[in-house]
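Model the full structure from these sequences, guided by the hints.
Each residue of the sequence shown is one higher than the one before, counting from 1 in the UniProt record's numbering.
Among the clues, some could well be false.
Heads up, simulated DSS-like pairs for lysine-lysine below, C-alpha to C-alpha not over 30 Å straight-line [stated by the list, open to error]:
hint: 1; residue 1: LYS63; residue 2: LYS117
hint: 2; residue 1: LYS63; residue 2: LYS96
hint: 3; residue 1: LYS117; residue 2: LYS96
hint: 4; residue 1: LYS181; residue 2: LYS254
hint: 5; residue 1: LYS63; residue 2: LYS204
hint: 6; residue 1: LYS254; residue 2: LYS204
hint: 7; residue 1: LYS204; residue 2: LYS96
hint: 8; residue 1: LYS204; residue 2: LYS117
Okay, the calculated beta carbon distance ranges per label pair [as the list claims (entries may be wrong)]:
hint: 9; residue 1: TYR144; residue 2: GLY95; range: 20 to 26 Å
hint: 10; residue 1: SER163; residue 2: THR81; range: 27 to 33 Å
hint: 11; residue 1: THR81; residue 2: GLU218; range: 39 to 45 Å
hint: 12; residue 1: PHE221; residue 2: ALA94; range: 43 to 49 Å
Calculated from the structure, these hints are not laboratory results.
The beta carbon of each residue, even a glycine, is placed where N, CA and C say it ideally should be.
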Amino acid sequence: MNQEANSSDNLGAPKARRYPQKSAKAWFQQLGLGAVCLLLILILIVITLPSMGTPPEAVRRSKTVTKLHEIQRALFEYEMTTQQLPPAYVTDSAGKPLFSWRVLILPYLGQQALYDKFDLTQAWDSPTNLPLVAQMPHSFQSPYAQTDRTEGMTTYQALVDVSRSRTAMKPSTGGNLIRIKDGTSQTALLMENRESPVIWTAPKDTDPAEFLANFPREDDFTPVHVAFCNGSISVIQGDVHEVFEGAMYANDGKVPPR
Numbered sequence: 001m002n003q004e005a006n007s008s009d010n011l012g013a014p015k016a017r018r019y020p021q022k023s024a025k026a027w028f029q030q031l032g033l034g035a036v037c038l039l040l041i042l043i044l045i046v047i048t049l050p051s052m053g054t055p056p057e058a059v060r061r062s063k064t065v066t067k068l069h070e071i072q073r074a075l076f077e078y079e080m081t082t083q084q085l086p087p088a089y090v091t092d093s094a095g096k097p098l099f100s101w102r103v104l105i106l107p108y109l110g111q112q113a114l115y116d117k118f119d120l121t122q123a124w125d126s127p128t129n130l131p132l133v134a135q136m137p138h139s140f141q142s143p144y145a146q147t148d149r150t151e152g153m154t155t156y157q158a159l160v161d162v163s164r165s166r167t168a169m170k171p172s173t174g175g176n177l178i179r180i181k182d183g184t185s186q187t188a189l190l191m192e193n194r195e196s197p198v199i200w201t202a203p204k205d206t207d208p209a210e211f212l213a214n215f216p217r218e219d220d221f222t223p224v225h226v227a228f229c230n231g232s233i234s235v236i237q238g239d240v241h242e243v244f245e246g247a248m249y250a251n252d253g254k255v256p257p258r
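Spelled out as structure tokens, the structure:
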């Protein structure tokens with residue numbers, strides 16, 4: 001009787017499904033293979049990222065700030081040595097502009113040998129000085145430039161008020177930072193003018209009033225790099241007109257908005 005009951009119980013109970021040991025082993029093998037593949041993908045990502053680099057615009061902005069700092073520092077060292085900023089351009093005895101301040105600061109950019117090649121009594125485009133245009137230092141080449149460095153075009157320019165000499169850098173005489181009444185942190189010294197590059201040795205820069213007149217307000221979100229007289233550099237975007245109107249002159253009582 002007990003045997004029949006046991007037999008009946010065994011027939012009524014569902015049989016436990018047994019997984020073969022081989023299937024479990026295969027499952028673990030597949031899991032391990034997936035982990036290896038995932039690890040390989042992660043390794044490839046890590047290897048590839050450095051070659052991809054940071055976005056090109058971020059790199060260009062960073063390089064622009066670095067180069068403006070180099071030029072800015074050279075100007076400050078020039079002022080410490082001579083007790084004044086360089087004039088925007090050197091003139092001859094008749095008042096004719098000869099060459100740019102960018103030539104004068106060459107020794108402070110580590111370019112003494114290049115500086116020594118210039119005839120400082122002649123104009124930038126004289127037979128002696130003109131060939132040196134092709135030797136423009138890397139400090140003056142913008143990462144946004146569309147031309148080769150040997151063409152000698154730079155976008156790094158001083159703000160120069162030729163007609164009334166209201167900017168920090170004066171047209172043909174040396175200015176002085178301690179005479180800036182509006183404050184050095186509120187007064188622009190240099191900028192990157194991508195719209196109007198100039199030959200780096202030529203006595204040409206940016207007239208701030210002309211720049212604003214030719215800079216449409218609808219382009220205010222175009223970033224503009226500006227170096228101030230206190231050593232700071234700002235990327236102005238969204239309020240170019242407002243900032244320039246307050247920062248472009250040294251002693252007009254106006255300051256850029258905060």
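Verification of the supplied hints:
no.: 1; hint: LYS63 x LYS117; result: holds (28 Å)
no.: 2; hint: LYS63 x LYS96; result: violated (35 Å)
no.: 3; hint: LYS117 x LYS96; result: holds (21 Å)
no.: 4; hint: LYS181 x LYS254; result: holds (10 Å)
no.: 5; hint: LYS63 x LYS204; result: holds (23 Å)
no.: 6; hint: LYS254 x LYS204; result: holds (25 Å)
no.: 7; hint: LYS204 x LYS96; result: holds (13 Å)
no.: 8; hint: LYS204 x LYS117; result: holds (21 Å)
no.: 9; hint: TYR144 x GLY95: 20 to 26 Å; result: violated (34 Å)
no.: 10; hint: SER163 x THR81: 27 to 33 Å; result: holds (29 Å)
no.: 11; hint: THR81 x GLU218: 39 to 45 Å; result: holds (44 Å)
no.: 12; hint: PHE221 x ALA94: 43 to 49 Å; result: holds (45 Å)
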